[in-house]
Amino acid sequence: MIRAAFAALLALMALPAHATQIDQVTSPGGIEAWLVQDDSIPFVALDIQFKGGASMDADGKRGAINLMTGLLEEGAGQRDATAFARAVEDLGARLSFDASDDTLSIGFQALSENRDQAADLLAQALREPRFDDTAVERVRSQVQAIIRSEATDPNSIAAKEMAAQAWGDHPYATSINGTAESVAALTRQDLVQAKNRVLARDRVVVGAAGDITPEELGPLLDRILGGLPEKATAPLPDKVEPQLTGGVSVIDWDSPQTVVSFAGPGLAIDDPDYFAAYVANHILGGGGFSSRLMTEVREKRGLTYGVGTALAPGLFGDTWRGGMAGSNATTAQAIDLIRAEYARMAEGGVTEAELTDAKTYLTGEYPLRFDGNSRIASIMAGMQLMGFAPDYIDTRNDRVEAVTADDVARVAARMLDPDALRFVLVGRPEGIAE
Amino acid sequence: MRCLAHRPRPVTAALLAALTLSPVIAAAQDAEPVAQPAGITHFTLPNGLETVVIPDDRAPVVVQMVWYRIGAADEVPGKSGIAHYLEHLMFKGTDKLAPGELSKTVTANGGSDNAFTSWDFTAYFQRIASDRLPLIMGMEADRMQNLSISDDDWQAERKVVLEERAQRVDSDPAALFREEMNAILYDNHPYGRPIIGWRDEIAALTLDDANAWYDEHYAPNEAVLVIAGDVTPERARELAEEHYGPIPASDDAAPRIRPQEPQKQTDRRITMSDPRVAQPRFSRAILAPERDPGDQRQAAALTVLSELLGGSTQTSFLARELMLSGKALWVGANYDGLSLDDTEFTISMVPANGQDPEQAEADLDAALDKFVKDGIDPADLDRVKTRIRAAQVYARDSAHGRAYDYGQGLSVGLGVDDVSEWPDILGSVTEDEVMEAARLVLDGPGHVTGWLLPEKPEEPEVQK
Numbered sequence: 001m002i003r004a005a006f007a008a009l010l011a012l013m014a015l016p017a018h019a020t021q022i023d024q025v026t027s028p029g030g031i032e033a034w035l036v037q038d039d040s041i042p043f044v045a046l047d048i049q050f051k052g053g054a055s056m057d058a059d060g061k062r063g064a065i066n067l068m069t070g071l072l073e074e075g076a077g078q079r080d081a082t083a084f085a086r087a088v089e090d091l092g093a094r095l096s097f098d099a100s101d102d103t104l105s106i107g108f109q110a111l112s113e114n115r116d117q118a119a120d121l122l123a124q125a126l127r128e129p130r131f132d133d134t135a136v137e138r139v140r141s142q143v144q145a146i147i148r149s150e151a152t153d154p155n156s157i158a159a160k161e162m163a164a165q166a167w168g169d170h171p172y173a174t175s176i177n178g179t180a181e182s183v184a185a186l187t188r189q190d191l192v193q194a195k196n197r198v199l200a201r202d203r204v205v206v207g208a209a210g211d212i213t214p215e216e217l218g219p220l221l222d223r224i225l226g227g228l229p230e231k232a233t234a235p236l237p238d239k240v241e242p243q244l245t246g247g248v249s250v251i252d253w254d255s256p257q258t259v260v261s262f263a264g265p266g267l268a269i270d271d272p273d274y275f276a277a278y279v280a281n282h283i284l285g286g287g288g289f290s291s292r293l294m295t296e297v298r299e300k301r302g303l304t305y306g307v308g309t310a311l312a313p314g315l316f317g318d319t320w321r322g323g324m325a326g327s328n329a330t331t332a333q334a335i336d337l338i339r340a341e342y343a344r345m346a347e348g349g350v351t352e353a354e355l356t357d358a359k360t361y362l363t364g365e366y367p368l369r370f371d372g373n374s375r376i377a378s379i380m381a382g383m384q385l386m387g388f389a390p391d392y393i394d395t396r397n398d399r400v401e402a403v404t405a406d407d408v409a410r411v412a413a414r415m416l417d418p419d420a421l422r423f424v425l426v427g428r429p430e431g432i433a434e
Numbered sequence: 001m002r003c004l005a006h007r008p009r010p011v012t013a014a015l016l017a018a019l020t021l022s023p024v025i026a027a028a029q030d031a032e033p034v035a036q037p038a039g040i041t042h043f044t045l046p047n048g049l050e051t052v053v054i055p056d057d058r059a060p061v062v063v064q065m066v067w068y069r070i071g072a073a074d075e076v077p078g079k080s081g082i083a084h085y086l087e088h089l090m091f092k093g094t095d096k097l098a099p100g101e102l103s104k105t106v107t108a109n110g111g112s113d114n115a116f117t118s119w120d121f122t123a124y125f126q127r128i129a130s131d132r133l134p135l136i137m138g139m140e141a142d143r144m145q146n147l148s149i150s151d152d153d154w155q156a157e158r159k160v161v162l163e164e165r166a167q168r169v170d171s172d173p174a175a176l177f178r179e180e181m182n183a184i185l186y187d188n189h190p191y192g193r194p195i196i197g198w199r200d201e202i203a204a205l206t207l208d209d210a211n212a213w214y215d216e217h218y219a220p221n222e223a224v225l226v227i228a229g230d231v232t233p234e235r236a237r238e239l240a241e242e243h244y245g246p247i248p249a250s251d252d253a254a255p256r257i258r259p260q261e262p263q264k265q266t267d268r269r270i271t272m273s274d275p276r277v278a279q280p281r282f283s284r285a286i287l288a289p290e291r292d293p294g295d296q297r298q299a300a301a302l303t304v305l306s307e308l309l310g311g312s313t314q315t316s317f318l319a320r321e322l323m324l325s326g327k328a329l330w331v332g333a334n335y336d337g338l339s340l341d342d343t344e345f346t347i348s349m350v351p352a353n354g355q356d357p358e359q360a361e362a363d364l365d366a367a368l369d370k371f372v373k374d375g376i377d378p379a380d381l382d383r384v385k386t387r388i389r390a391a392q393v394y395a396r397d398s399a400h401g402r403a404y405d406y407g408q409g410l411s412v413g414l415g416v417d418d419v420s421e422w423p424d425i426l427g428s429v430t431e432d433e434v435m436e437a438a439r440l441v442l443d444g445p446g447h448v449t450g451w452l453l454p455e456k457p458e459e460p461e462v463q464k
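Same order as they appear, the protein sequences are chains A and B.
Mapping of the first sequence onto the working numbering: residues 1 to 434, in sequence order.
Mapping of the second sequence onto the working numbering: residues 1 to 464, in sequence order.
By construction, these hints were calculated from the structure, which means they are not laboratory data.
Where a beta carbon is used, it is the ideal one built from N, C-alpha and C, also for glycine.
No incorrect hints appear here.
Taking lysine-lysine pairs in the DSSO-like style, the calculated list, with each CA pair at most 27 Å apart, reads:
hint	chain 1	residue 1	chain 2	residue 2
1	B	K370	B	K327
2	B	K373	B	K327
3	A	K160	A	K239
4	B	K370	B	K264
5	B	K159	A	K300
6	B	K96	B	K159
7	B	K96	A	K359
8	A	K300	B	K79
9	A	K300	B	K96
Simulated coverage check for chain A against chain B, where a stretch passes if three residues somewhere in it have a Cβ under 8 Å from a Cβ of chain B:
hint	segment
10	91 to 100
11	321 to 334
Listed next, with one range per pair, are the computed distances between beta-carbon atoms:
hint	chain 1	residue 1	chain 2	residue 2	range
12	A	S96	B	P378	21 to 29 Å
13	B	D374	A	S96	28 to 36 Å
14	A	P390	B	D342	51 to 59 Å
15	B	D57	A	T395	21 to 29 Å
16	A	K239	B	G326	40 to 48 Å
17	B	D57	A	S96	27 to 35 Å
18	A	T395	B	M272	49 to 57 Å
19	B	V76	A	D336	36 to 44 Å
20	B	F116	A	P390	31 to 39 Å
21	A	A353	B	W198	41 to 49 Å
Hey, can you work out the whole structure from these sequences and the hints?
The following block contains the structure:
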């Protein structure tokens, strides 16, 4: 089953907490995982991520990895789709499979009482998915429906146009769903090859949390992942720079509101100024109701229900982007305000008071993320994807604290150029010159 | 819903002083806290504020939620949207807090806050480091009695709400369609009005409307306080008494009696077409009883029925009959008994591509007839119960989620025991009860059936 999910790419960014103890576990078969043990609730959560995700699609096979991912829960080994799902439900286990630009991710939650049986089912789904004709056609038609729906959804239309302008011939430039034509042409053989391009032990990171010891986790990892090939059959895509140019693109859409998407160049997560940019973004448009953009566009003038920005570091490319929706009649005014706020921060940086407030929030919010096995497992996997060391949790807040107003001013001057910002508008905005 | 998250600014000295100096007037007078199965504590302050504490010390985090037992279905005709509009205005300051200061203070302390409105309740919450609980309780208690909205703020915020409606409803044909379905299903009960309000009525709301709504409905005896996370019941109670205890009860808490739905005589049907719709969608709704205090078996049977019919895309009855056979792309059944008055049971479907809607509906009807005729496979019922039992274990992973369960339950008239017992009641539902529930919602009259369709394609021109 394919879900029309729009992955929240950003959740990976932050992570740590008070005295979170991470056990680095290596299975007898050599698979590594980070574990935060907590036996207060009798279940374990795993977050298993395969680097590359849908960006591993072969030339001409766009959509193959997404379709393949949707079929992993549609029958494996001796069980067809219904029999497989019944077996999972009979254990009270939960499996989820999702493809995104950066990863193919698997969520696994199992009760302690039958953890091994649940693991065997997941192992079978990964090792010997059936790709039955009926299941392939069923999931293919679901994907085709999503492609059609996205073609009439202004947010998807805006996202697609921005991606096309930013990423040229890189996989990021097109939708992971593929096109009606590319998906129609996919064969069973394409799905098998797609699986071998992404599901391999050299691409996997694992986060674990809950009721399991390091000694128990090792064999569980081999049980689930041991049957996968050692190496993926294709190299990861190169990391590239976005090719965005400044300006406005308008796509006509009959609606009372215009969807506004905007983006400029971003920073890699290992950029020396990344934390300064993180603080700058919080003050500019990341900080909810009291960011500069929310204050100017929503709170003072009521031009939108919400406007925000985010750093979007990816495994294969980075942007700094934002979005909002507002009435056609006032879109031009809102865009002027957004540009003016970019210019104001690029030229004048931020105040000491803003800096202090931002740091208090960012450091105070960090430990609150570690409040549940599922969330912790995701954080553990995300840290490994980003290439962090386990002690990142202990040093992360110090790095936020070390950011000075000069650092923010420097990164704002370097990155926040209103003339380099590309706007994509979907609607009937008034008074806009392209 | 007010959406989003936030950022900081230090708490003002005045507010800190106010918080620490608030006199502790009301001492606890009621009996010992009642022990609940899941470690949950429940007590009521002398001023009528009902409080639930859900301890979870795995992380140094706490969630405070205040649920007012007032919502869009309590509005008077012509003033739709006032409950939700006031929710927005609750962030616009008090005698002590400047507009936006509550959110800024929460954010400055590393927390997040937000609010949401439904037909039966309006709720406010913060999530923050557990040592800041006194701070957020002080501010939430402050706006329970001292809201003060300036002239500039109420007008700008009304524009924000209109933009919210434009974004979430007017730009989305599926949302407009749901609004229409709802208005037809409830032709007498105020559940037929949108929570956010009708556009023209929102545009006419005034500061006087907002203040009157606030004065009439915001009081400790019309609210439920839920504290979940890293706090002991004793400490939570001490803080609740300190911050909320001094607020006087209102004496005009009117019983929530709304116009009820009459017995239906016919089925009804709507069709809506829109060029922004890519895929035909079917929806059928019928009124269904809600969970009542001490009387939840019928609602439990309806819940299990919805799971059996549509709870899984591979194993549920309708999925097997319609999705696996290629007749539908998607099919689901939905029922949520957390409601003050009669609610709805809904079946939804996206037919397979190219499938004629009439045929798709006939296939669905045939499948439902088969379900009623053949009855339930006991293995399917067991599997649904296993899923429900496992869900209880996973639910313990989120104190925030459990705060929702209790806050919403108590807001719609259930007791803490009703909420705590609910999973066990679900687990004890029998085949006979499910079939009785099925006949209740699958037999008419009273079904509202709707099709949301793409705009009809133009007749192709014949090229000669």
